[in-house]
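K.L.:
Chains A and B, in that order, are what the protein sequence lines are. This note's numbering applies: residue 1 is where the first sequence begins, and numbers increase by one. This note's numbering applies: residue 1001 is where the second sequence begins, and numbers increase by one.
I should point out that these hints are in silico values taken from the structure, not numbers from a laboratory. Hints should not be assumed to be uniformly reliable.
[Claimed, not checked] Just some of the chain A residues that point at chain B, by a computed CB distance under 7 Å: (1) S56; (2) D61; (3) I95; (4) P120; (5) R121; (6) D122; (7) Q157.
Backbone N, C-alpha and C define an ideal beta-carbon position, used for all residues, glycine too.
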Amino acid sequence: MRTSGLSVAAGVLIALAGPALTDTPILTVTGQVADAPVELTERDLKALPQHRLATSTTVTDGTPVFEGFLMRDLLAQVGAEGEAVVALALNDYRIEIPLTDFQDFDVIGAMTMDGEPLSPRDKGPVWIVYPRDDHSELQDIRYDTRWVWQLVSLHVQ
Amino acid sequence: MSTLANAPPRGGLSIYAPFLPLLVVCLGPLIFALAKTSALERDMRIAATENMLWVVTQTQMEVLSLTLETGRNPPEPGQIDRQYDLTLSRLNLLLEGPQARYLAQLGHDDPVRGFLDDFLALDPQVQGHDAALHDALHALGERVHPRINRIANDVMTHEWERSATRLDAYRSTQRLVIMAVSFAFLAALAISALLLRNQNRLHRAEVQRLRAATLLERERGTSAMYRDFAAMVSHQMRTPLSLIDSAMHRLARRGEAITAADVAERQGIVRDAVRRLTRLVETVLMLGRLDNDQLQRTLAPVALDALAADVVKRMRSQFPGREIKLSATATGLAALGDPHLVEHILDNLLSNALKYSAPDKSVELRLFPQGGRVACAVTDQGPGIAAEDRARVFDRYYRGRDQRDGQGTGLGLALARELAEAQNGSVTLDSWPGRGSVFTLWLERAQGGAE
C-alpha cells in the first residue's frame, strides 16, 4: 500500500479560514526574484495559463485530475533566477526543489482536484503536483517528498 | 577394421543433445534467481515509501497545538482557525484511500472518523468564536490526542512487525538465490565436463579412424608391391629359363652333329641366363632382408681401390668386348662400409651402365674423395635419363619409359640406394639426355683405412 509522501505536510499561508478571499495573498515568493517579496492572490494565480494534469498520487486512490498553473510559468512571471526553490508549507514543512524539475517536467501548482477547489482543510489552496504517471523516474520517494501541499511560500536561491 | 565399426556417429546435434536438459537445469535456476531478485527490487521500492507513523504523529501534533491555542488567554481566533484547519486536513488525510485502509487493518478507522465528526461539529468558522466553543474544542483536544498517541503506538508496532517480516522474506529470497546460483554453477561445471569428455571421445575416435586409414593405405601399398613383385619375377625368371630351355633344345636337336663351338656358344648363353637368375634371386633376397631389417652389415674401413679393381675385373670377364675403365684421383682411398654390400652396389651400377649403353661405348668407374666422403662414380654414354624420370629411377619396380618392354627388374637401382643408405651413404644421379648418365655411390670416408 502506498501511504507515502505524507511527510509532505502543508499549510495555508495566511491563517485563512473558510472559502478563500480571492484578493487575499495566499503565496509569497522571496529570494532571487525581480521584486522580492512578491505576494500572490488566488486571482493572480488563476490568471496564469491553466494546465490540466491527471495523475495518481501516493496518498489518494485512482487518478484525480488536477488543474492549476505550471510552476515554471509562475517562476518566469516573478523573474526568478537561481538553482532551486525552498518550498514552505503551513506547518513549517520545508523542502528544496531544483529548478530543473520544473524545466524537465510539467510540474503544476494545483488549485483544483477533480474540479473541486483545494481547501486548506485538505491540501489546498496550492498543492505541488508532479506528472508521476508519465515519467517512471518520478515514482520515487525523492520526488514524492517534493509534492508540497498547503504551500505557503517559495524562496528562490 | 573393427576400429571403424566402433567409431561413434559423427552427427553435429548428437554431440550436443545430451546437454539440452543440462542447459535447462543450468538456466532454470538462473531465471528463478532473476525473478526472485526483481520481485525483491519491486518490493523494496514500495517499502521505501512507507511513512504512516509520521502522518499519525503529525496529526497528534496538530491536535495538541489546537488544544494549546484554545487554552490560551486571551485566545487568538486567527491562530485557532489556522490550527483548526491543519487538524482537519490531517484527519482528512488519515481517512483517504491508502491511509484509511491501513487504519482499518488496525481497527482504528472508525474512531478517527468519529474524531473528524467531533471536530466538524465545533467549527469556529461556522459557529463563531466564543469562550464556550473554545472550551469545547480544548476539552475535545485533550480527549483525542492521547487516543491518537495510542494509534501511533499501534502503527509503530505494526511497522516493526512488517519490517521484520520483510527482512525475513529478503533473507529467505537471498538464500534461495544463492542456492539457485550455486546449482546453476554446478550444472555449468557438469556441462563443461561432459563437453570436454565428449570432445576427447570424438578426438580419440578421429585418431583411431586416421590410424585405421593409414593401416589400410599401408596394406594397399604392400599388396600392390607384391603384385608388382610377382609380375616382375614371373617375367624376369621366365626369360632366362626359356633361353636355357631353347639352348638345350637346339643342342638336343643337333645330336651327333654338334661341334665344340656350338657347345661353347650354348654354354655362354646358359651361363649368362643362370647368372641373371642368380642376381635376381640375390637381389630379391637382399631386399627382403632389408625390408625385415635383417640385413647383416658390419661397418668397417674398406679399401676401395682393391675392391673396385676386383669388381671391374669380374665385369670385364662377364662382358667381354666391353671397355670398362677404372681410375682414382688418390691412392689408398678407404670408406666406412660393408665390403660385401659395397661390392654389390658397384656390381649393380656397372651392369646397369653396361646394359643401358651401346656395346661400343665405354663405361668408367672413378674413385675420388670429396669432403668427408668418398665417391665411386659410374659413368656411361647411354641415352641418359629424362628429367621427369630421374626422381623415380630409384623407386622399386620403376623402369624408364624407354626400358619398359626390355629387360630389367626395376629393383637394381632401388636396392643400390637402399644398401647405400644402410651404410650411411647414398646414391645420386646426374644425367644429360643423349650423352649419358653418372650414378655415384657416396660413402663416409674412413681415415687411414687400409688393409
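K.L.:
Please go over all the hints and tell whether each is borne out by the structure.
P.N.:
Hints, one by one, checked against the model:
Given the 7 Å rule on beta carbons, the hint for S56(A) is violated: about 10 Å separates it from the nearest Cβ of chain B. Satisfaction of the interface hint for D61(A) is found here, the shortest Cβ-Cβ separation to chain B being roughly 3 Å, below the 7 Å cut-off. With a cut of 7 Å, the hint placing I95(A) at the interface with chain B is violated, because the nearest CB-to-CB distance is about 14 Å. At its closest, the beta carbon of P120(A) sits 5 Å from a beta carbon of chain B; the interface hint therefore holds under the 7 Å criterion.
Given hint, R121(A) at the interface with chain B, holds; its Cβ is 4 Å from that chain's nearest Cβ, closer than 7 Å. For D122(A), the interface hint holds, since its Cβ comes within 7 Å of a Cβ in chain B; the closest pair sits about 5 Å apart. Taking 7 Å as the C-beta cut-off, the interface hint given for Q157(A) is violated, the closest approach to chain B being about 26 Å.
The structure fails hints 1, 3 and 7 (numbered hints given earlier, in ascending order).
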